[in-house]
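> Here are the chains, one letter per residue:
2 protein chains.
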Amino acid sequence: MVDPRVYQAMTKTVVSHLDPYFFQVVEDCRVLLRQAFGTTNEFTLAMSGTGSAGMQTAIANFVERGSKLAVLANGFFCDRMTEMGKRQGASVVRLEKPWGEAFDEDDVASFLRRERPRVLAFVQAETSTGVYQNSKTICAAAHEVGALVIADCVTSLGTMPVNVDENGIDVAYSCTQKGLSCPPGLSPVTVSPRAMAWLKSRKTTPADWYLDLKLLADYYEGAHRYHHTAPISLFYAMREGLLCIHEEGLQNRWARHKAAHEAFVAGIEAMGLPMLVSPGSRLTSLNTPRVPEGVDDLKVRKSLLAATDMEILGGFGPLAGKVFRVGIMGPLATEEHVLALLAGLEKALAGEGFAPKASGVDAAREIYCAPRLR
Amino acid sequence: MVDPRVYQAMTKTVVSHLDPYFFQVVEDCRVLLRQAFGTTNEFTLAMSGTGSAGMQTAIANFVERGSKLAVLANGFFCDRMTEMGKRQGASVVRLEKPWGEAFDEDDVASFLRRERPRVLAFVQAETSTGVYQNSKTICAAAHEVGALVIADCVTSLGTMPVNVDENGIDVAYSCTQKGLSCPPGLSPVTVSPRAMAWLKSRKTTPADWYLDLKLLADYYEGAHRYHHTAPISLFYAMREGLLCIHEEGLQNRWARHKAAHEAFVAGIEAMGLPMLVSPGSRLTSLNTPRVPEGVDDLKVRKSLLAATDMEILGGFGPLAGKVFRVGIMGPLATEEHVLALLAGLEKALAGEGFAPKASGVDAAREIYCAPRLR
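Chains as they are written, first to last, in our numbering: chain U, 1 to 374; chain D, 1001 to 1374.
Quick caveat, the hints were computed from the structure, so don't treat them as lab data.
Mixed in with the good hints, there may be bad ones.
In silico lysine-lysine, BS3-like type, Cα no more than 30 Å apart, as pairs [what the hints assert, rightly or not]:
(1) LYS214(U) to LYS1214(D)
(2) LYS86(U) to LYS1012(D)
(3) LYS12(U) to LYS136(U)
(4) LYS1200(D) to LYS200(U)
(5) LYS1012(D) to LYS302(U)
(6) LYS1068(D) to LYS1258(D)
(7) LYS1068(D) to LYS203(U)
(8) LYS1214(D) to LYS86(U)
(9) LYS1258(D) to LYS203(U)
(10) LYS347(U) to LYS302(U)
(11) LYS12(U) to LYS1302(D)
(12) LYS1086(D) to LYS299(U)
(13) LYS1258(D) to LYS1302(D)
(14) LYS86(U) to LYS1200(D)
(15) LYS1086(D) to LYS203(U)
(16) LYS200(U) to LYS68(U)
(17) LYS1357(D) to LYS1302(D)
(18) LYS200(U) to LYS136(U)
(19) LYS299(U) to LYS357(U)
(20) LYS12(U) to LYS1012(D)
(21) LYS86(U) to LYS1086(D)
(22) LYS1258(D) to LYS214(U)
(23) LYS1357(D) to LYS12(U)
(24) LYS347(U) to LYS357(U)
(25) LYS1203(D) to LYS68(U)
(26) LYS1086(D) to LYS214(U)
(27) LYS258(U) to LYS357(U)
(28) LYS1068(D) to LYS86(U)
(29) LYS200(U) to LYS214(U)
(30) LYS1203(D) to LYS1086(D)
(31) LYS68(U) to LYS1086(D)
(32) LYS322(U) to LYS357(U)
(33) LYS68(U) to LYS1214(D)
Quick look at which bits of chain D chain U covers, simulated, 3 or more residues with Cβ under 8 Å [stated by the list, open to error]:
(34) 1048–1062
(35) 1203–1214
(36) 1228–1237
Even glycine gets a Cβ: it sits at the ideal position worked out from N, Cα and C.
I would like the entire structure built from these sequences, with the hints used as guidance.
This is the structure we're talking about:
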């Protein structure tokens, strides 16, 4: 859901991509993006493409032909990183986990010491499974063997702490249409000084001109040398979306998402639907309850949509038909919405012959009430 | 200049990138883009990036490592094509012309028969010089030697005939922020059946995943298999911009641009500023009068901007300080605007000590009046 303020920002007159006003908007975005990413990285920017353009930016700039890329593979977007790494001519090694499980950090550290890759790529917030990956130990182990760390933060930015600096992530990318609650079209990227130093000394030229970070640094920073015509209106939108977050306060926003997540989980578990992901590894923005045995998830989702206009997604790949994917983020991470969603789900499940153990709405309401009453 | 209708279209609620409504919007865009490009190509679409992403789409999909790319080099964007070709690992051969001159079609045909490249790339509408390149003979010669033809139509689409099919262009790309008068952020691309057949038989995988046309065809056509999250709001904007063009009528729109161009040229020549480009090779959307001897073009442009809020650009590369670049397109290609622009320019030039030979405004008005009076 996009705030009306953000839509309105897009009606502002388009200026030139070299206009000082545009660079002022960009500078505001940079300051606010650093806060959301949890970083002091000077190079914090947005690519002129959607989230997957951010992924390609990370891989095309930091993975050289013939170098070794290690991927932590436990979901759809790790597979996409693998594919992009191969296309850049890297030799890709993978540590595998079933979809829905997080990696043990020490296991990854051993893997890294064994493989000694040039770059490690992992997904902090896996949209296909709902898994959050802790990474402080992982990043330290990667740095020990001289590897740079790329993290996919598409579903964490703006909804929960990304902690780029605290974790030691070198290159993080995200999107605008999830936690930032803006229209899609830009991909925020942040790069550590260590990674920028490596990039400046990179011997080969990346095949990718459009997403070449050295050229983009010349455009957005200092000289403002023309590179491409940035999508001005989307920058207006992103600045407004980031301002909404700034006004709410990052801590408040994260707490609001956490509360909505905890209430939803309490409700869904009370109904008798266990969560796919273990506590402690769950995203707060994207929930993946298991589909009850014998229930057709597509029918449930369709009847929910028809009755309430609320859309939830199904699993795919190995999780097809096995989980619901329920995004609760941005303006929708509220008590009112969570209760309405649980009520709608209860009805839709009942329509498919599933009798809930207890009222999900009551259990969720309890979670919201508890801190106020006790 | 963007029509208020187009800004308003961006306030429409964002739907999912897999929503049937979105694909309906895309389908409308495809139909309208085919008309503007002058093609019946089934594969006519927009890339989720700005104009240079369109250029990279053409080069990354159709230029293979080790293959020979021929570039017609007479401006800034031909150099960019050369750079992208090299990054894809092609061997690049160039036919050179001074900036501001069009190529003789027969010369190019000889060059092609000599070089026998895999792909020929040229710029139909060169934004850095104002040159329009005729290409029917060129494309035929390229096909004779088995080459595909890529054409940069960034500044022609929506302002003058692109004639993709009539010329025999295989891959054409453009942008949204020039002739389509929309905000920047998408890059319309059209691909001939001949080029699509070649792409389907291509043995190597392009390094570029984000702009991979085979994957994009799977997303936008038939199966609607998820690829990336398209920038929905920009598609709403582009559809509205294309509808404005459709309602005006393409022929009318081209005639309006031609009239504005001819009036501007009459005015500027009356004042004593010769055009850089020969008649017959001029874009109607972008005019490049020479800066008079001894006049500082930057001072003229700054005082014009300060006095009238009208911004014109300077030349760059070998044309720095030598030409003005005056875009007259979209809602601004009108008599009222052309006369106001010439009046403003006359004052700004006078401020720098240049005395016009005759009134540019009068000469331009004459051009607009003539067809009505006689």
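> Among all the numbered hints in the text so far, which are the ones the structure does not match?
2, 3, 4, 6, 9, 12, 22, 23
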